[in-house]
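Using the sequences and the accompanying hints, generate a full structural model.
Chain residues, written in single-letter form:
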Amino acid sequence: GQQVMQIPQYQHVQEGEDFTTYCNSSTTLSNIQWYKQRPGGHPVFLIQLVKSGEVKKQKRLTFQFGEAKKNSSLHITATQTTDVGTYFCAGPSGSARQLTFGSGTQLTVLP
Amino acid sequence: NAGVTQTPKFQVLKTGQSMTLQCAQDMNHEYMSWYRQDPGMGLRLIHYSVGAGITDQGEVPNGYNVSRSTTEDFPLRLLSAAPSQTSVYFCASSPYRGSYEQYFGPGTRLTVT
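Protein sequences, first through last, are from chains A and B. Residue numbering for the first sequence follows our numbering, beginning at 149 and increasing consecutively. Residue numbering for the second sequence follows our numbering, beginning at 5 and increasing consecutively.
Just so you know, these hints were derived from the structure itself, not from any lab. Because the structure is a prediction, the values reported are computed rather than measured. All C-beta atoms in this analysis are idealised placements derived from N, C-alpha and C, irrespective of residue type, glycine included. Treat the hints with care, since some could be wrong.
What the hints assert, rightly or not - Simulated DEER-style distance windows between Cβ atoms:
(1) A:Val-192 / B:Asp-60: 18 to 28 Å
(2) A:Val-192 / B:Thr-11: 17 to 27 Å
(3) A:Lys-207 / B:Thr-74: 30 to 40 Å
(4) A:Ser-174 / B:Asn-66: 21 to 31 Å
(5) B:Thr-19 / A:Ala-226: 43 to 53 Å
To be verified - According to the in silico footprint, chain A covers these stretches of chain B (three or more CB under 8 Å from chain A):
(6) 38-49
(7) 106-113
What the hints assert, rightly or not - To give an idea of the chain B side of the interface with chain A (calculated C-beta under 8 Å), a few residues:
(8) Tyr-35
(9) Phe-94
(10) Ser-98
(11) Tyr-100
(12) Ser-103
Encoded structure:
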């Protein structure tokens, strides 16, 4: 079945440093989504990318979808303590609306 | 709108006991799903439903049952709890057309002793 791999599993950064997490799928994706989960919370949708090579920005967050639609990245510029949490990518699988989630990258921001 | 609600927030079961985790949404979403989250393993799909009366298995369905009698409700039943089912359970919903965006409930933290 489809696999979605995410690296790194953990990342510690000093506040103000940049952060990037990478997502790779074993199959071509029609779209990819990114979610953020704060400690003790539930996943919250951030963005969906659909087009090959698409780049979207949300303030300090930049999301990219690869040309082959098999990989994606999330880059945070100048991290803040409010960025702490686990970031997941997810791609559709199956014929309905199932999503396969990556294992997530847990971001710690040191003040 | 309350969004997606789940009850209970916490539950402790003994091995062999059964229980139902409740999930409801008030957004008239056709698609609903149940995930379990274990450390280092992301979210794994247990069961899903594309509408009332229709359910199907996800990646890890064994030991769980679901039903979907209404659009709003999608309960998850543990038939005979096992320690391996200790996890955090999230219910999610999504409109069946348009964006694949999923809205998650606050989760149920289940411990099986």
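Each hint, compared with the structure:
no. : hint                             : result
1   : A:Val-192 / B:Asp-60: 18 to 28 Å : holds, 25 Å
2   : A:Val-192 / B:Thr-11: 17 to 27 Å : holds, 20 Å
3   : A:Lys-207 / B:Thr-74: 30 to 40 Å : holds, 39 Å
4   : A:Ser-174 / B:Asn-66: 21 to 31 Å : holds, 23 Å
5   : B:Thr-19 / A:Ala-226: 43 to 53 Å : holds, 49 Å
6   : 38-49                            : holds (count 7)
7   : 106-113                          : holds (count 6)
8   : Tyr-35                           : holds, 5 Å
9   : Phe-94                           : holds, 6 Å
10  : Ser-98                           : holds, 6 Å
11  : Tyr-100                          : holds, 7 Å
12  : Ser-103                          : holds, 6 Å
Of the numbered hints listed earlier, not one is contradicted by the structure.
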